[in-house]
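Trainee: Sequence:
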Amino acid sequence: MDLVLNLFVNYGALAIIFIIGLIICLEDFKFGKIRNRWIKFGFIAGLAFYFLSIMLLLIIGQPISWQYHLLILTNTGIAFVFGFILWHFKLWAGGDAKLFTLYVFLIPIAFYSNWYFKYWPPLSLLINIILPIFVYLLIKMLLYPVQLLFNYLKNPKLLKEYCQKYKDENKVDKGKMKNYLNTALSFLLILIFFQLLRTHTNEFLSPYLGNFVYASYFFMGFVIFKPLRAFLKKRVFIVLAAVMLYFVVAFIYFREMFYADLHKIFALQFIFMLSYFYIFKYGRSLGQFLYNSAEVKMVPLQELSPGVYINKSHIQKIMGSRINLEEFKKELEPILAEEEKNQLWQLIERKTNKTAKEKQQYQLVSFFRSFRADRLPAMFKQIWQYKKQKETDAVLLDLISKKISAKQKEQLQNLLNNSDETKVFLKSIRGKLTEDQAKQLKAMIEKRNQEIKEQGHPPIEQVILHKTFSFAPWMLLGVIITLLTKTSLIDLVYQYILHR
Numbered sequence: 079m080d081l082v083l084n085l086f087v088n089y090g091a092l093a094i095i096f097i098i099g100l101i102i103c104l105e106d107f108k109f110g111k112i113r114n115r116w117i118k119f120g121f122i123a124g125l126a127f128y129f130l131s132i133m134l135l136l137i138i139g140q141p142i143s144w145q146y147h148l149l150i151l152t153n154t155g156i157a158f159v160f161g162f163i164l165w166h167f168k169l170w171a172g173g174d175a176k177l178f179t180l181y182v183f184l185i186p187i188a189f190y191s192n193w194y195f196k197y198w199p200p201l202s203l204l205i206n207i208i209l210p211i212f213v214y215l216l217i218k219m220l221l222y223p224v225q226l227l228f229n230y231l232k233n234p235k236l237l238k239e240y241c242q243k244y245k246d247e248n249k250v251d252k253g254k255m256k257n258y259l260n261t262a263l264s265f266l267l268i269l270i271f272f273q274l275l276r277t278h279t280n281e282f283l284s285p286y287l288g289n290f291v292y293a294s295y296f297f298m299g300f301v302i303f304k305p306l307r308a309f310l311k312k313r314v315f316i317v318l319a320a321v322m323l324y325f326v327v328a329f330i331y332f333r334e335m336f337y338a339d340l341h342k343i344f345a346l347q348f349i350f351m352l353s354y355f356y357i358f359k360y361g362r363s364l365g366q367f368l369y370n371s372a373e374v375k376m377v378p379l380q381e382l383s384p385g386v387y388i389n390k391s392h393i394q395k396i397m398g399s400r401i402n403l404e405e406f407k408k409e410l411e412p413i414l415a416e417e418e419k420n421q422l423w424q425l426i427e428r429k430t431n432k433t434a435k436e437k438q439q440y441q442l443v444s445f446f447r448s449f450r451a452d453r454l455p456a457m458f459k460q461i462w463q464y465k466k467q468k469e470t471d472a473v474l475l476d477l478i479s480k481k482i483s484a485k486q487k488e489q490l491q492n493l494l495n496n497s498d499e500t501k502v503f504l505k506s507i508r509g510k511l512t513e514d515q516a517k518q519l520k521a522m523i524e525k526r527n528q529e530i531k532e533q534g535h536p537p538i539e540q541v542i543l544h545k546t547f548s549f550a551p552w553m554l555l556g557v558i559i560t561l562l563t564k565t566s567l568i569d570l571v572y573q574y575i576l577h578r
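Numbered according to this note's numbering, the sequence shown spans residues 79 to 578.
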């Protein structure tokens, strides 16, 4: 009886996980969405399971671990907040965030027992979900050039043009070679430093942090790398000398430790560089690749309906820029006085010049980074000039707005805000099109078609839609990996390297 009860308490939730998970996976494949009804059913079934477990323990007189149930609720709450943040920043769909929260709610704490991050154990589940997806997308991205190569081989002229363009854009000069060498040596110097730090502090910190101390060293490297590389950017010979000094001293005085740590340093060096260049540096490119290379389909404009994912790049391309600065200037030429025109063109240049904006932001940041009292007068002068210029601009815009039409006012505001109707509309879309957004998009494209017809070009009759990326199966795979390993894939790889 006790054996059956223990099996029910420890593994009963797994039955709910797999039943709900399989149903959601099938529906995600079929309909391209995760229905709320199954999420609600999962939470209700989970609550019923936990309540029944407590009642059974009370009936047979076994102690109830209230701390265990409190930890489950805490983990679920953190998962909900984390999922909400990912949804808010458009990294996850709402259904994916809710499904992740459900899995955290249902997975027993015992299945995180090998994971060293005790503060929020479900982090291992998140890693086991994301890492397989990343590997899949990386393979897909690496195979993509092969597909392009076949296309280029069919048309040698295009291949020749592409090779020449690539050669011009990626010329390797002495400066680039020095930068690559400096980056590699900086990585190596960081790993040597942390290897020495681990050797001398591991015995003291391990009783308090356990295996988490290894992860702490590893992730601290990412934090320190950027400022260290900035400091050593023009000091490649100092970095080289420091690395060589370590190898010479370690080989002469600490030969056994040197041989024992050598393979770890170079193995971690490879992982560190791979992570930096492909995960952090090219993570955004990978995400953009996924968005642009997902399965797409063309649909007639009249069949555009709510509940679909549009290709924003395609919409931006077919709509074009909604503001022609030169045409706008010609329209205002006879309306404004000469001084007003000059001041307005200068204002537009200041607002739309990206380089000038970045320079102004850099000056502000550098002031706070290297604060000195003697720089305060110059800073206050800049603030006063900025305020004075803002007041002058407000007076100018108020004067001009009285002379121009409502349409010209809207165009001017779009110019000053570096936006237009299309950009604002696309920015408002979060996930699938709503009914109002579908109607608005149709109206915008029909308006654009009128302009195109006046220019003698064929109208836009079709739009590109994205087919949904089925995320639910990957989440279920992450759950299975977590249940089997009781830790994360990163931890498995890391432990393999450390204990070879």
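The hints are simulated quantities; they were obtained by calculation from the structure and are not laboratory data. One thing to keep in mind: the hints can contain errors.
Think about it this way: if two alpha-carbon atoms lie no more than 27 Å apart in a straight line, the pair counts; the simulated BS3-like pairs of lysine-lysine are [to be verified]:
(1) K487 to K520
(2) K395 to K465
(3) K501 to K395
(4) K520 to K510
(5) K505 to K525
(6) K501 to K466
(7) K468 to K501
(8) K520 to K390
(9) K466 to K419
Pairwise CB distance ranges, derived in the manner of DEER restraints [claimed, not checked]:
(10) Y464 to P536: 24 to 32 Å
(11) L231 to M376: 39 to 47 Å
(12) L318 to L231: 42 to 50 Å
This one's a predicted model, so the numbers in the text were calculated from it and none came from an experiment. Backbone N, C-alpha and C define an ideal beta-carbon position, used for all residues, glycine too.
Trainee: Run through the hints listed earlier and report the numbers of any the structure violates, in increasing order.
Mentor: Checked against the structure, the hints that fail are numbers 2, 6, 10, 11, while the rest are satisfied.
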